[in-house]
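Number of protein chains: 4
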Amino acid sequence: MKKIKRRTFEIIQAANTHDVPSRIFDIGILILIIINVALVIAETFDISPTTEKVFYYIETVSVIIFTIEYLCRVWTADLLYPNLNGFKSRLKYIFSFIALIDLFAILPFYIPFIIPVDLRVLRMLRIIRLFRIFKLNRYTTALTTIADVFRRKKNQLISSIFVVLLLMIVASVLMYNIESKAQPEVFDNAFSALWWSVATLTTVGYGDIYPITAMGKVLSAIIALLGIGLVAVPTGIISSGFMETIDHQDDEKEYCPYCGKKLK
Amino acid sequence: MKKIKRRTFEIIQAANTHDVPSRIFDIGILILIIINVALVIAETFDISPTTEKVFYYIETVSVIIFTIEYLCRVWTADLLYPNLNGFKSRLKYIFSFIALIDLFAILPFYIPFIIPVDLRVLRMLRIIRLFRIFKLNRYTTALTTIADVFRRKKNQLISSIFVVLLLMIVASVLMYNIESKAQPEVFDNAFSALWWSVATLTTVGYGDIYPITAMGKVLSAIIALLGIGLVAVPTGIISSGFMETIDHQDDEKEYCPYCGKKLK
Amino acid sequence: MKKIKRRTFEIIQAANTHDVPSRIFDIGILILIIINVALVIAETFDISPTTEKVFYYIETVSVIIFTIEYLCRVWTADLLYPNLNGFKSRLKYIFSFIALIDLFAILPFYIPFIIPVDLRVLRMLRIIRLFRIFKLNRYTTALTTIADVFRRKKNQLISSIFVVLLLMIVASVLMYNIESKAQPEVFDNAFSALWWSVATLTTVGYGDIYPITAMGKVLSAIIALLGIGLVAVPTGIISSGFMETIDHQDDEKEYCPYCGKKLK
Amino acid sequence: MKKIKRRTFEIIQAANTHDVPSRIFDIGILILIIINVALVIAETFDISPTTEKVFYYIETVSVIIFTIEYLCRVWTADLLYPNLNGFKSRLKYIFSFIALIDLFAILPFYIPFIIPVDLRVLRMLRIIRLFRIFKLNRYTTALTTIADVFRRKKNQLISSIFVVLLLMIVASVLMYNIESKAQPEVFDNAFSALWWSVATLTTVGYGDIYPITAMGKVLSAIIALLGIGLVAVPTGIISSGFMETIDHQDDEKEYCPYCGKKLK
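Residue numbers (our numbering), protein chains in the order written: chain L, 1 to 264; chain D, 1 to 264; chain X, 1 to 264; chain G, 1 to 264.
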């Protein structure tokens, strides 16, 4: 039993690249995820009831496999966290980010069997499984670096988002007061003006809402130019974050015995 | 009296997190600010006269509280600047950036009582109080860093804005001469062309104004490509500013006695 | 014979700037490439059958010259790779990136003589020869630096593209479910929603598709703001890549015998 | 005479801030330039013949003053370049960038007196004098730094522009072939497709031209995503350029006698 558990753990963990069954398992799950994402997208097209039935069968099989995989992962969680006891390790695993994604991806399928509600919309939550892809490949290190930069620069980024939000609110209240008389249908309330301010600050500019008065155009120009700053500030923060990462990598090099500085 | 003043000062200053009344005061003011912002936005929707009346009552109460808070801050300003005497410290506080914001946020409410003018538009100035949020939380340091970068790179940023403005003026006069014959209604004067140049340089592109002649399209393409530079230059400046910040932080580390270089 | 081969090699290789025939050859080929690109563009306009005939003659002559050049390069490949024998060097050359571009640029012209198919569209592949321009000038070093940055940061860039693609898929499935009832014609399936998500994330915003419901606008605002991150992350990665390049250039400087650090 | 020349030179050169007449001269010229720019813009509005006449008088006076200033600068050029003789120094000055701008700004006014042609359009060249503003203020250093970054990174920037242009040409030829059948009026030739590729790559997206076929949308999505790179690469180059500037400023600091490294 213990041996089976150990083997199951080895297979479902992506660590060893020379372990052929583990490799096959990983690729199989990956293909299943991609099929499910394709299904979610395909379901939005006009499909015949027959096709819909086929889709439902594929989904059912997938969810069963995902459920078995999920249960196996919970079962072998004590091998993942050898320092914890059986219960604690399982609890820790269940509430880990990756396990919660897995759970939310399979749960919407089972709920209608218990409570009779239409959860078709929630069933598309299967697509969040896509994020599992990152666990399967060599890009994990790169992603960790990117996530690390965001984590270290979190406060600065949140602050700049705050400033942007405040700017958006102030700009939209101003714009509403300027434009609502000239375009009462377009700028019908501050929410519409907020929609305009997002489109302008992010420089998306769909063209469904824009000022027509001279004053409104001046304000819009100012906001659009500030939108440049909206790009420049987080870019600057993130750039400096990536630069620090490089410096930290250097820290692992040897040091000069005379001055304690790192050697190149 | 002195004790009351000292206590008032402690409460209205956000410094001490273990001081429960001070915490409650901060959160109370914050909630009041957010309510007022919500009101300013809600007022732009179609509201019944009854709701409007309720809104006005809430606003009145808020402004009274903000006024009391403002007066308390002026009163305790000598504790904020202990080196200055009573009058000087109060004057310094009144003309500080944060106090001016507070003043402009409450003033529009009182003016109609003195001079009979309709200042409904100005009353929305209450929303600028939102910027007070920054004083209340742990993002102050991050914001200071960002503001610091802007301060240090001020001259370079202003210069690049100058270049952009000149480019915009030159481009719009050129575009007016190119397009006004083909689209006399759209490019009716240089101001319209200026509006086009802003939309193009910032890459917003609402789609309400764009060239249709071959020459105009060539100019527009050049301006749009220069718009990339418009993003790249401030971003580069700000990035290098954030990098310097990292370097300056390093400066506080110890130095090697042999070569005077900082130790890592 | 050997002398002629050596001379041919010298002429077709762009190395020596003092070699007049080599210079003339380079410029001649460059002009021929630009003429062919101009032809490909001109062919898209309404042209008379006579003009079309002239275009075809020019194309024929160009392709013959390009073919001769290609064969000469294959012939002299053993001088390019002196360490390899005749066959191996030629094989290596034929499968090099630049030689494949040359081959794909001339092949579509010959295929119709063998298999009777209409390859007019493929004939425009001639324009990929444009990339040859880079081999002919002093910008090669600069381009190598840029390519180098991309190569070194490949994993991080691919990871961020992955995240963006996932975000786009998730956003478009969500948006389809939100907007398809309000705009069944515009958001007719997930593919349309995907088209919206590209236009929003990249901040292009053509204006042919955008949400009209409140929920849809909120999602769109979130995606547009995340689109800022889409710009910030690769910019940060590439910035740090260019910074490393500067650091690496410094590495070639001398080092201090005391502490092993580089001298400035 | 020599004394007058020396004094004239001192006045027209902006160097000495304590020299009151020099200051007045600088500000006077600046105001005149701004008035002329305002005139060029105002002329594009519907103006009465009387106003037009007034505008012409102001322009005439301005051009005369600018001409006198220009001649004074040519006259005193030997004091600007003391190492050169009279003729050489004048020649050098006339062909300097700033002097050419001045010449092009005044020339269009005089040409109609010699050759009877309508140069109304060229007369708006007066606005290029705006660039003189940079010579008059304290932002010169900041601008020099920015210009310096562009100069040092010139090759890399030109290379990336080259790549973008090639990409645009290839993309537009492809797009023309994909979309011309579905939208023969919109994508009527490769030039229209080129206009689309500029709008997409720069993320302006006016919305006057966009693909409607599935294939076209896929290509457009790829080009829009590459457009992100179009922003990221020059931003990265310029960021690293600004970083080098910081490093170079450090070079002026003292050095450690032990290891030859700069002291902080």
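Honestly, the hints are just simulated from the structure, not real lab data. Just so you know, not all the hints are guaranteed correct.
[As the list claims (entries may be wrong)] Each computed DSS-like pair below joins lysine-lysine, with the alpha-carbon atoms no more than 27 Å apart: (1) X/K181 / L/K181; (2) D/K154 / G/K181; (3) X/K154 / G/K92; (4) D/K181 / L/K217; (5) D/K53 / L/K181; (6) X/K217 / G/K92; (7) G/K217 / X/K181; (8) X/K217 / L/K154; (9) X/K53 / G/K181; (10) D/K217 / G/K92; (11) X/K53 / L/K154; (12) D/K154 / L/K217; (13) G/K154 / D/K217; (14) X/K181 / L/K217; (15) D/K217 / L/K217; (16) D/K181 / D/K92; (17) L/K154 / D/K154; (18) D/K217 / G/K53; (19) G/K181 / D/K181; (20) G/K53 / G/K92; (21) X/K92 / L/K53.
[Unchecked claim] In silico negatives: residues of chain L with every beta carbon more than 12 Å from chain G: (22) K2; (23) K3; (24) T203; (25) D208; (26) G236.
Every value quoted in this text rests on a predicted model; they were computed, and no experiment measured them. Backbone N, C-alpha and C fix where the C-beta goes; we use that ideal spot for every residue, glycine too.
Right, here's what the structure says about each hint:
1. A C-alpha spacing of about 31 Å is found between X/K181 and L/K181, which places the hinted pair above 27 Å, so the restraint is violated.
2. Our distance criterion of 27 Å between C-alpha atoms is broken by D/K154 and G/K181, whose separation comes to about 52 Å.
3. Proximity of X/K154 to G/K92 is assessed by CA-CA distance (about 49 Å); at most 27 Å being required, the pair is judged violated.
4. For the hint pairing D/K181 with L/K217, the CA-to-CA distance comes to about 23 Å; that is within 27 Å, so the pair holds.
5. Proposed proximity of D/K53 and L/K181 is supported: the alpha carbons are some 23 Å apart, at most 27 Å.
6. Restraint check for X/K217 and G/K92: the C-alpha separation of about 60 Å exceeds 27 Å, so the hint is violated.
7. Only pairs whose Cα atoms come within 27 Å are accepted, and G/K217 paired with X/K181 is accepted, the gap being roughly 23 Å.
8. Straight-line distance between C-alpha atoms of X/K217 and L/K154 comes to about 26 Å, which keeps the hinted pair within the 27 Å bound.
9. Between X/K53 and G/K181, the direct Cα distance comes to roughly 23 Å. Compliance with the 27 Å bound is thereby established for this hinted pair.
10. For a cut-off of 27 Å, the pair hint linking D/K217 to G/K92 is broken: about 37 Å separates their Cα positions.
11. Under the criterion of a C-alpha separation no larger than 27 Å, the hint pairing X/K53 with L/K154 is inconsistent with the structure, at around 64 Å.
12. With a C-alpha separation of about 26 Å, the suggested pairing of D/K154 with L/K217 holds against the 27 Å cut-off.
13. Of the pairs offered as hints, the one joining G/K154 and D/K217 holds, with about 26 Å between alpha carbons and a cut-off of 27 Å not exceeded.
14. Distance hint between X/K181 and L/K217 is unfulfilled; the C-alpha atoms sit about 34 Å from each other, more than 27 Å.
15. For the hint pairing D/K217 with L/K217, the CA-to-CA distance comes to about 22 Å; that is within 27 Å, so the pair holds.
16. The straight-line distance between the Cα atoms of D/K181 and D/K92 is roughly 57 Å, outside the 27 Å bound, and the hint therefore fails.
17. Distance check on the hinted pair: L/K154 and D/K154 sit about 24 Å apart at the alpha-carbon level, within 27 Å; holds.
18. Distance restraint check for D/K217 and G/K53: the Cα-Cα separation of roughly 33 Å exceeds the 27 Å cut-off, and the hinted pair is therefore not satisfied.
19. Distance check on the hinted pair: G/K181 and D/K181 sit about 31 Å apart at the alpha-carbon level, beyond 27 Å; violated.
20. Restraint check for G/K53 and G/K92: not satisfied, since their Cα atoms lie roughly 38 Å apart, outside the 27 Å limit.
21. A C-alpha spacing of about 53 Å is found between X/K92 and L/K53, which places the hinted pair above 27 Å, so the restraint is violated.
22. Every CB of chain G is more than 12 Å from the CB of L/K2 (nearest about 50 Å), matching its label as outside the interface.
23. Interface exclusion of L/K3 from chain G stands, the closest Cβ pair being 49 Å apart, more than 12 Å.
24. The non-interface label for L/T203 is inconsistent with chain G: the shortest C-beta to C-beta separation is roughly 7 Å, within 12 Å.
25. In this structure L/D208 is not separated from chain G by more than 12 Å, as the shortest Cβ-Cβ distance comes to only about 10 Å.
26. With a least beta-carbon separation of about 8 Å from chain G, L/G236 fails to lie farther than 12 Å from that chain, contradicting its non-interface assignment.
Comparing the model with each numbered hint stated earlier shows that hints 1, 2, 3, 6, 10, 11, 14, 16, 18, 19, 20, 21, 24, 25, 26 do not hold.
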